[in-house]
Structures are given as structure tokens and as C-alpha cells.
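Student: Residue-level listing of the chains:
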Amino acid sequence: MKESTIRGEDADVDFATIFAANIHEIKNLLFLHFNAIEGACNESWARDNPAATASLSRIKYGSAKIGQRLAHVLALYRIAQGRYELDVDYHDACEVLREIVVETHSLIDDRSIGISVGSCEDLYGFFDREMVRGILVNAVHNSLHYAKGKILLSVALEDGFLRFRVEDDSQGYPSEILENGGRSAKLDLCGGGTGLGLYFSETVAALHRNQGKVGFTRLSNDGSMHGAVFSLYLP
Amino acid sequence: MAVFSGQKNTPVDFKDKTFLVIDDIIGVRSSMRITISTLGGVKIDMAANAADAINKIEHRTYDIILCDYFLGEGKDGQQLLEELKRRRMIKSATIFMMVTAERSYEKVVSAVELAPDDYLIKPFSGEVLRLRLERLVNKKTFLAPIFDLMEGQEFRKSVQVCDQRLQAPGPYLLDLLRLKGELLLLVSDFASACEVYKHILTLREIPWARMGLAKAQYFQENFEAAAEGFQQIVAEHPNYMSAYDWLAKTHSALGDEAAAQRVLMEVVAKSPRMLQRQKDLGETAYHNEDLETAQEAFESVLEFGKFSSFAEPEDYANLSRVFLDKGEYTQALSVMGNARKAFENSDEVMLHAAVMDSMIHDKAGDKAAAEQAFSEAQKLFETVAEKPESIALDMVRACYQHGDKAMGEKIAQNLVKNNHDNAAVLKRTEQMFQRMGLHDQGKELIHASSREVIALNNRAVKLAQAGDLKGSVELLMQAAEQLGNNNVVVLNAAHAILTYLGQTGWDEELALAVRGYLDSVKQRDPEHKKYLMLSTVYKDLSAKFGVNK
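Chains as they are written, first to last, in the working numbering: chain A, 1374 to 1608; chain B, 405 to 953.
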């Protein structure tokens, strides 16, 4: 397997390294798994069989979520170790949203949820693209769980922050969560999850700093679709 | 069903694009092939490791290279990319995308010019790969006019086009600013480069922009400011390897060799396999008379360089010299013996080994062997054409040791005259005299020889200022004749001739001399700033007079 595998002769490898390397390894395996599913989707027996396509699509969606979660765990672990370096570069915000939509689209073939990109033209900003993607994909997965039919992604400038938004037409967040500022540890934000997704989002948002300002996230129910609104503010 | 706003990227036809997929796992390679073919790509080659990839790239031009970071045994993806760029095996227009399972895991921030065009994090779907590639193709198309000018070494014009494009930069603002900064450094317009990088830094604290600013300050000889900049990068981004190299260089320029050594030791501990860095450490430690560290570093150079084309006879001599100074003569001799084997008795290695042997035998008390080696060295020194500075330096020391002061002085004078603006060579020369207990004599020799070159230059400049361009040209051409290895002298001659031609019209004979001068510098230092500038002048001039090359 890959170079990242811990070798037997390295007697003094610490647990931390083994832990990180294993997650890394699992991500590699998951990639092969993911490709195998995509391959299966393209085979004739699957293409011509709606039931098979739907099943494969569900498996793919599940794998993508596992991959996403692993990425979060690994990133949080590195942040906790003080070894995570934010990779800030200049990105087209629209581009990031479009990528998420295209990717999600390929995962939700069997669902009747429309996911679209709202206003975002000509907004560029400095951020860690992979981490921001991770945050937004997490919010989208959450919305997929609760939305009735629509999810809208958008980006805008607000008070010198680049504001990404994921909103849906669900019932919205329960009031006790909003009263808590969305910081309840028991929060079911990951569609059957444990709140890790939100914790990840807050942590990574706060790593984005610029000229004394710090990134953050907000939950609300004041969107144009009267559902839940997840906002990410980056300085 | 999903709906999304209109595709902003111009769609790309991947049918005509050549792909190279580099991954050590066969399953990944074949699944990548399937993914690329779903995008419409048909011209797809595969490589299993870095060596395989280099071989393929030597024989075919690729538009898009998808490379996994981990490539099993041998070089990793980043090292492969660095080699491809250093050897200019891929063009600026080529798309090089690094595929990795985790962005931070492999992240070794390297010099920006050695970074891939993008990172793709596994797992990814075919559609995301399409979007990323389309975006990169669009970007490369937008920047293509600049790349073309750069390819033709028309750097000034490249800067102008950057400025034009910066009127409406869109998503490429930072790419344009980055290119502009690099180009300004290349044409030695350090003040403007500082401005560009400072502008970027007002937008955001980005390590490569901080790096660019510090480099520009270094070249402006504002070493304090440069050191501060490099220090800041190293503190905030401990993996930014090249910042350590520059910080060490800046400490050296400030005369603080001990600090330079500390920085180099720190970075060598992080990445021991970088040969040049180990070499720098060895030389700095040798300068600081820390022979243990010098020995360790030079041994690492030989160990890691065994199978690399970078190893030189000089690397062996460096280690042998340390053993000589430590009084470990058997070791010192055996290192040069290995050098002879490694370089199959080439002229250069035979010369350097004879020089070293003559000194080692002499110190070890074997006068007969010492004399024999020294006369061999004297003979070879006259006949071997290509001699690195280290051979000349060792030869000077050997001459003094064997009482041939006249020859030693002559070689030293020549060395200084050919390198009068090369601070590192002058410093090493001075230190060698100091080690021989001849510090004052050495300083005097260096001073006098440098002065000779400077005085000659000044005379030429005065002639030119007084309106005697022709006299200035003649004087500098004479100087270039004698000091053919001195880039400054040779380029000044080329510069004077070009000015003369600009005023009096084309003269093929003089133009031929200019081409010879430029080529000789190009061979020694293809990135020499004044060389690049004068090449552009030459091109413009020959175009102006309608002369074909």
C-alpha cells in the first residue's frame, strides 16, 4: 500500500502518528471504493436499471459522507496538535459553490431535492478552499436531510466579511438551538450525527483571521425560503 | 432535480489534450483512466513512479499531468515537480495537478514557482475534476500571452502585459500580481518588485508575497529588512523550507556566520535529503571551524548524492579537506580514492585528487609522495580547462604548502579577478589565507586584484561618459579577453557594445562578440539578471536593424 503505512521496523512510532496515518490510509481506501462505485454506475446493468442506480447512488452518498467525516476528524486532530497550517489563497467564491453543487448533484440522483447556486458573481476572497468546502458540504449534507425540496447556496459581502450561505426550505432549526447560538453539544446537525460537523465548522472558521477580524458561523431561520440558514463569515 | 446557474468556465474539449497520470498503485491508475475518459479524454499515458514519469515527459509533451503525492519508493510528487521545473521539462502552460488524500499531510510549502497549479483532494468525483481542469485551462489561456513572452525571454514586455491584464483581472488578480513580482525580480527592478509585494501584503499576509518582498530587499542589499521578513515566514510557517535557505544567506551577508549555521542546521534536520542545503551547511560549518558538523554534512552530501546527477568531485574534496584539517590523513586519502572511482578518473577528479593528495601526504610526512602528487597537480592544472573555484582554492593552498608561492599567488589573483563581485568566493579565499597564517597578505592580494578589475571598469565608464564609446568598447573587450570567466566584465563588454551598436548601427563582427559573451554567461549562470536583461536588449536591437539571428 501507500508510503503512509506505518512500517514494522519503526519501533518508536507514537500513537498519534499511527492514528493520523490510519485515517489517512482509510481515506485512500475510501477513494478506491468511491471510484469502484462510480465505475459500477457506468456499467450497462446499472445504467439501464433505475433501482440499481438508486441503490448505488445511496451507497455513493454514504461513502461521500464517511469521507467527509474522516476529513473533519483528521483536520480537527491536526488543529488540536497545533500542526494544522491554514492554506489561504485567493479563490473565486462562486467556483467553490458550483463545485459543491455539481458534486452533490452526482450524489443525490434518487432524491427530489433541487440544489442551486444563487447570487455569487465576481466575489473573490482569501480562504483555505478545502476547509471552506468541508464546512459548506457539511451544511449541505445537513440540509439534504431536512429540506423538503430546495437548497440554495449563495455568497455575498457583509461588513467586510465574505459571507457564504446554505439555506433550505425545511422547518428550520428548533428554537432551543437558536437560543443557544447553535452551540449545543447534543445538536443533531449532521443528520444523525453528534454535532461534530458544527464544531468542525466553528473551529475552522475561527482559524481564518485577517486584520484583527476572526471568522465565525451563524445559524438562523430568516432565509428567503423560510427554512434553516447556515452562514459562514470569513474576514 | 439539481439546477445550477450557468457554467462560468468556458467548456474545454479534452479530446485533444494529452494526459499523464502518475500513481504507484495500478488500481488508482486504471480508475483515473476511466474518470478521464468520462471527461472525453483519450490521449492518456500512465507512469508508476517519478523515473517512469520523467522518461515519458522526455518523449512526449503533456498538456495535463495528474500526479499523486505518494509515489512509493524514490521521489515523491513534489520532488518530481521540482525536478521537472528545474530542468525546464514542463512549460508554464502545462497543467500540473497534485492528487493527495489530505492537503495538510503532505504540505511542504516550497518556493512558489515550484508549487503545482492545484491540489485535488481524494476522493473526488469526475465532475469536480472536470471543473478544476476547465478552470485551469481557462486560466492558462488567460495568461498565455504572458507565458509566450516569457518563453522568448521578453520579460519587460511580459510586465507590460501583466499591467494591461491587471486593469480587469477578475479571478486572476493574484496570479497576475504574483507573475509580475517574479518578472520584476527577474529583470532586477527590485524597487518595483517591493511595491508589488507590499501591495499584495496589504490585501493579505501571504507567505510567498512576504518571501518575494524579503528577496527584493535582499537584492537591494537591505539585509536587515530581508532577515526580518524571512524570520517572520519561518516563525509562522515552519515548513517553508526555502525561507530558511534565504534566511541563512541573509545572515551570511550580514556577516553572522554562526547564525547562518544555526538556521541551516535547523532546516537540514527537517529535510536531510536536500543536497545543496547539506553542502551549504558543510561550507558554513567549515567556515566556522566546526569540523564535526562540516564532516557530517559533507558525508550526507555523498550518501544522499550517490545516485544523483548532482554529485561532483568537489563534494568529495570538501570532505577530504575536513579530514585533512582534523589530521585524519588515511581517511582524507581514502575519500579522494573513492572520488576517482566514482568519476572514473575524469580530468577534473584526477586534478582535484592530485591537489588534495599533495597536501595530505605532505602533512602526513610522506614528502616523496607529496612531491609526486604536487608535480602531477601542477601539470594537470595547466591542461584541464574547466576548473571549479574550489580546485583553484585548494591549488593555491597546495602551492603555498610546497613553497611555490609565485604560482599560488598567480592562481589566487586570477581567481579573484574572475570573481571580484562574488562575495562567497572572496570570503572563502580570504579565509584560506587566514588558515595558512597569511591573513594580511591574503587580504592585500584580494584587495589589489579586485581593485584592478574595478579600475579597469571605471576607466571604460569614464571613456563612455566622455563620449568615447568606441574606446570604452575596446578596453572592455580586452578585459573580457583576459577575464572570460568574470560575468561582470564580460557583461559590461556586451553592454558597451550594444550601446555602441544602438548609436552607430549594426556591425556583425561586434554582434558576434556580444553573442559569444552572452552565451558564456548563460552557460555559467542561465538566470543571471543582467544577462537576461542584455539578451532582451540584443533581441530588440537586432529587430530594430532588421537583422535575423
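Please keep in mind that the hints were generated in silico from the structure rather than gathered at the bench.
Quantities reported herein were computed from a predicted structural model and do not represent experimental measurements.
Mixed in with the good hints, there may be bad ones.
Pair ranges (Cβ atoms, derived) [stated by the list, open to error]:
#1 B:770 to A:1387: 48 to 56 Å
#2 A:1431 to B:602: 24 to 32 Å
#3 B:564 to A:1421: 52 to 60 Å
#4 A:1595 to B:574: 48 to 56 Å
#5 A:1585 to B:660: 31 to 39 Å
#6 A:1551 to B:571: 26 to 34 Å
#7 B:574 to A:1388: 30 to 38 Å
#8 A:1387 to B:841: 17 to 25 Å
#9 B:492 to A:1595: 37 to 45 Å
The beta-carbon is built from N, C-alpha and C at its ideal position, and this holds for glycine as well.
Student: Each hint should be assessed against the structure and marked as holding or not.
Tutor: Outcome of the hint check:
1. B:770 to A:1387: 48 to 56 Å: Holds, at about 53 Å.
2. A:1431 to B:602: 24 to 32 Å: violated (53 Å)
3. B:564 to A:1421: 52 to 60 Å: holds (58 Å)
4. A:1595 to B:574: 48 to 56 Å: violated (32 Å)
5. A:1585 to B:660: 31 to 39 Å: holds (34 Å)
6. A:1551 to B:571: 26 to 34 Å: violated (46 Å)
7. B:574 to A:1388: 30 to 38 Å: violated (48 Å)
8. A:1387 to B:841: 17 to 25 Å: violated (52 Å)
9. B:492 to A:1595: 37 to 45 Å: Roughly 56 Å apart at Cβ, these two residues miss the hinted range, so it is violated.
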